[in-house]
Amino acid sequence: MNRIEWRRFRAGIAFTGLWIVGLGAFTAWPVVASLYYSFCDYSILKSPVWSGLENYRELIHDDLFWKSLRNTLFYAGLSVPLGTVVALSLALLLNCEVRGRSLFRLFFYLPSIVPMVASAMLWLWIFNGQYGLLNWVLAPILAPFGLHPPAWLADPLWAKPALVIMSLWGVGNAMVIYLAGLQDVPRELYEAAAIDGATGWRRFWHVTLPLLAPVIYFNIIMALISSLQIFTQAYIMSEAANGNGTVSDGNPARSTLFYTIYLFTVAFYDLRMGYASAMAYVLFVITVALTWLATRIARRRMLNLD
Amino acid sequence: MRHPAGNRLAGLATVLFAVAAAWTPARGDAVSSDGRIHVTYWDKWISGYEGNAIESTVAAFNGSQDRIVVDYFVTSQIDRKTIIATAGGVPPDVAGLWAQNVSTFADAEALTPLDGFIRDDGMSNGEWLARYYPIFAAICQHSGHVYAGISTPACMALYWNKTLFREAGLDPDRPPRTLAEFNEDCRRLTKRDPRSGRLVQVGFLPQEPGWWPWAFCDWFGGSLFDGHSVTFATDPRNVDAMRWVRSFTTENGLDDVKTFSSYFGQFASPTAPFFTGKIAMVFQGVWYDGYIAQYKPGLDYGVGPWPEAVPGVGDFATAEADILTIPRGARNPRAAWEFIKYVNSSNPRARTRAELQGAELLDFLQEKLSPLRVWSPYFEQHHPNPNIGMFRRLAASPHIVCIPDMGIWWEYYRETISTLDKVRLLEATPEDALRYSQTRLDQSWARYLLSLRRHGQTLDPTQIAMP
Amino acid sequence: MRVHSKFGRFVVYLLLAVCSLAFVMPFIWLLSTSLKPIDQVMSLPMTFFPRVYAADLDGRHREVSLDFAVGQAGAVAVVTAGPEAGRRVFLSDQQLASRSSDVRVLHRVEPGWWHITAHVDATRVVRPGSGVNSDVVEGARWDIVPRSAVESRIRFRWRNYTEALATIGGDPGEPGSTAAMNHVSFWVFLGNSFTVCVLGVIGTVFSNSIVAYGFARLRWRGRDVLFAVTLATMMVPFPALMVPLYGVFRALHMVGTLQPLWLPTFFGSAFNIFLMRQFFLTIPEELSEAARIDGCSEWRIFLRIILPLSKPVLAVAALFHFLYAWNDFLGPLLYLSRKRTFTLSLALQSYQSQTGGVQWHYLMAASTVTILPIIVLFLFTQRFFVQGIATTGTKG
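Chains as they are written, first to last, in our numbering: chain A, 64 to 369; chain B, 77 to 543; chain C, -13 to 382.
One should not assume that every hint holds.
What the hints assert, rightly or not - Non-contacting residues of chain B with respect to chain A, defined by C-beta distances greater than 10 Å in every case (computed):
{"id": "1", "residue": "Pro189"}
{"id": "2", "residue": "Ala206"}
{"id": "3", "residue": "Pro270"}
{"id": "4", "residue": "Asp391"}
{"id": "5", "residue": "Glu431"}
As the list claims (entries may be wrong) - Selected chain B positions facing chain A (in silico; Cβ < 10 Å):
{"id": "6", "residue": "Glu487"}
{"id": "7", "residue": "Arg490"}
{"id": "8", "residue": "Gln533"}
{"id": "9", "residue": "Leu535"}
Stated by the list, open to error - Pairs of lysine-lysine residues, derived as DSBU-like cross-links and limited to a Cα-Cα distance of at most 30 Å, are as follows:
{"id": "10", "chain 1": "B", "residue 1": "Lys372", "chain 2": "B", "residue 2": "Lys238"}
{"id": "11", "chain 1": "B", "residue 1": "Lys334", "chain 2": "A", "residue 2": "Lys130"}
{"id": "12", "chain 1": "B", "residue 1": "Lys267", "chain 2": "B", "residue 2": "Lys372"}
{"id": "13", "chain 1": "B", "residue 1": "Lys334", "chain 2": "B", "residue 2": "Lys267"}
{"id": "14", "chain 1": "B", "residue 1": "Lys417", "chain 2": "A", "residue 2": "Lys109"}
{"id": "15", "chain 1": "B", "residue 1": "Lys267", "chain 2": "B", "residue 2": "Lys417"}
Read the hints as simulated data drawn from the structure, not as lab findings. Where is the CB? At the ideal position from N, CA and C, for every residue including glycine.
Same shape as in the complex, but just chain A (with noise of 0.2 Å):
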């Protein structure tokens, strides 16, 4: 380099030295150490023992690891597609030119900042069984036929949808906005639309749909990636179910064992770091490929679109 060059790297690493330090210190080396300790035998109060493969091709062969991943994609599976659902609806419905529309907003979006934590409390007193709002409410709809609602957390059937249901009361963030995004839309092609003859669905679907594509493959990556990372509202929940209190086993009967729920059993409950490691590793893959996925997904149809 010459000297301006040098000049000109030395006040760039400057200005991101602290970065640069942060990102060493808080995120590569954890993420480096976290790759040898996933090939050790690692307790935490004895130092790792390197071990190979060991923990890899046991979690090929642990029943309860593919539970717990197939407990978290099912409930992304649910609550991705659902969430951007409702936002959007209720986006739609927002977009509508009514009045006291900034009230309306206030209502859904309130929620989605509330602590998950005294979220996770209010919800587990509604799901109960006895005493809980919704079964008060859907006593009485269902009793004409026959039935009764279920008992929700307390059974392993309706446990995860539980869960579905209270995450869809935290859609404002993503409704605010998909709102911000079709205001971005111009009148003009709806115009244009209205003349061509179009009706109010074909509408939606074939300018309003592909101009919001962007955003709404963008949103749905973050939800799905966060949705992968389930943890507080089912440890909280799961706790109280068992009704002991210590054991966090996503109970009932393991349905609402999610992936990071394990993880965090094995680390500091069984005190098996090396394979907690090596979940979170094969966590990092699984959550790269499918932003890799998306992403491919997205581009591919919105060059169609041009």
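Starting from the known structure of chain A, arrange chains B and C on it as the hints suggest.
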């Protein structure tokens, strides 16, 4: 930098940063300014019987000498927090864990063995352990060393609702004595609503409270661990136990049981199923008398031993305990030992309330039994728990059991819960459910032993011999 | 988009109203539960409004709590002999038959009658986890009467809030007792949360703006590679860092303190760097050029030109981080062990898992208090929130 505003901002940020970074909470010095050694003691009890009892015992210890002061701190999720604090280099001096933590924490090298302190006090391990009933002595040791003292011991017995017995035409003062009688009584105590056909009362449900799913295996004469390998699925009597668990669902109907149990309240509330007469019999611990007095005074109930499931094996019961340990790296291990010793001794000649000390003081206030073999006259005769005699008999019984001494117990425990759930929800046959857990546990156990070997550790399964 | 038909507009408003109700209902439920006494929280059938009951008890019309319905016939009696003399007990008919010698019957009881206890104006907070309704003090008067003898009216129990906050850190106990020493005041938790949030905001604004300047306004070798790496780190899931990161903080002797929760913010975060960089790129290059020609150093350009123009994005980053830090649960769960260091979110969770029955009314009251500051903050900064989300979401 030549501009005041920017300077000031940066300066302020730097100062704030430096101040905040330098502010680390004090870690607790060994000898503080009052010239006494402060022992940090973490335990779980905030309030209620246990909380008050712990506080009073700590106060009694502090008042009995002037060298050591024990500072009690309430800590939730204490097992995880103790591990984290020990790993972080800031453990408490005394950690109040559970019996199931002994083997895991000892193998993880998280605990300081008490052998040295016992020896310095002029006893051998066996002589020290001789003060306890054998079951509690077993809980305190692992791999040939003593790692813990007992803080709150417990035995589990059969509680039955005398009113419901009467209504069903059974003798309220005669609980079932054998398993056959138990099953028959359950059938008589199960009632349905004549119009809807739904359950309104059952004799017993294995998932209530569901904290000791492994106990049924032991009760049927089965075993969980034979000292070398896991016997969860290989012992045929465990299969019998799980079949028995399943019978409650098959006899009453899965949907009926699900609906019925969804109306159960929390165990520590007036709406608990035993309190509201939804369940006639339950296996619960020595603390249950206190809960009944609190939430359902006037409940007409009885306490008795577990019915005989295996002929000839009378007075079966399960035991567990909360323990006191010294984490590795504790600052004041010797002072910690003095406290543990105090809580695990008593005044065997106490004739008044004021003369109660140590274990008896702690257990008297909790209305629980004392883990020590010798009870003082006052403790024996004036104990607030009306059924304490029954619990003492069970504690001394040769057929009382506790959890196996295995480092993978936490995982094993999760497997027993999962197996019980699968079996009672009819999601798997008992054989399949047990075999599934057995396979997992075999692998876990093999891996665990391999890991110990890798770190140069060996396990000694023999019990410490007591004189 | 304008919906022209009247019917269409009606449908839109209807849908919005129904959805709003669905979204707001949990909040209403939260408030309703937080203002009830515990016995009404778990009563069937359910009510939205908390009530206060009154009945004639021991000769006076008093405020009472409606405890439970008695299932058997029997009598309320007073023990006349033995160690329990003077105590009032309830005996079933069978028990009465065997004890008729040492009790004196006050009145009979039919099945279905209700056990009521007189409210005592509790000035002392009852221990959490004892499961006792804090309006009921040991030794208080009780009786068993028919339901028709008890009247009710609506009253909100505001006391739940003060009692919940007083006990969120444990039983306050008698002054000087161990319980009192263990007790952590709600304000400590609040203070810890604020400390972490405010320090985190300072760190976020400080570090990310500097780093983003380096990426956006300077050209240097390796800049784009480093930026690509920065973007890549956004995909690393926290669990992958969790275990070794714990080791990093252990080596720094920060485990058990609040420092791991805010110190990393002083070293930048990928998301905020990206956010600010995008913004800095929109500032015209000519401003910087002109300043450089005048001989200004890069630092001065940053401080005097770029920063003042960046207030919107700095505000958004600050807000988002405050929100994130306030709600963070996993971080405190990992690093904090002593109750005195807990943040509000962790205190709330440990409040739930205290032994003894869950006190939903206190839990809901404490949850409301945790939510309130965020709602207040949002109401004042709505514009920034919405703008910020829109910017990141649509231009991401």
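*Return the numbers of the hints above that this structure violates; sort them in rising order.*
9, 15
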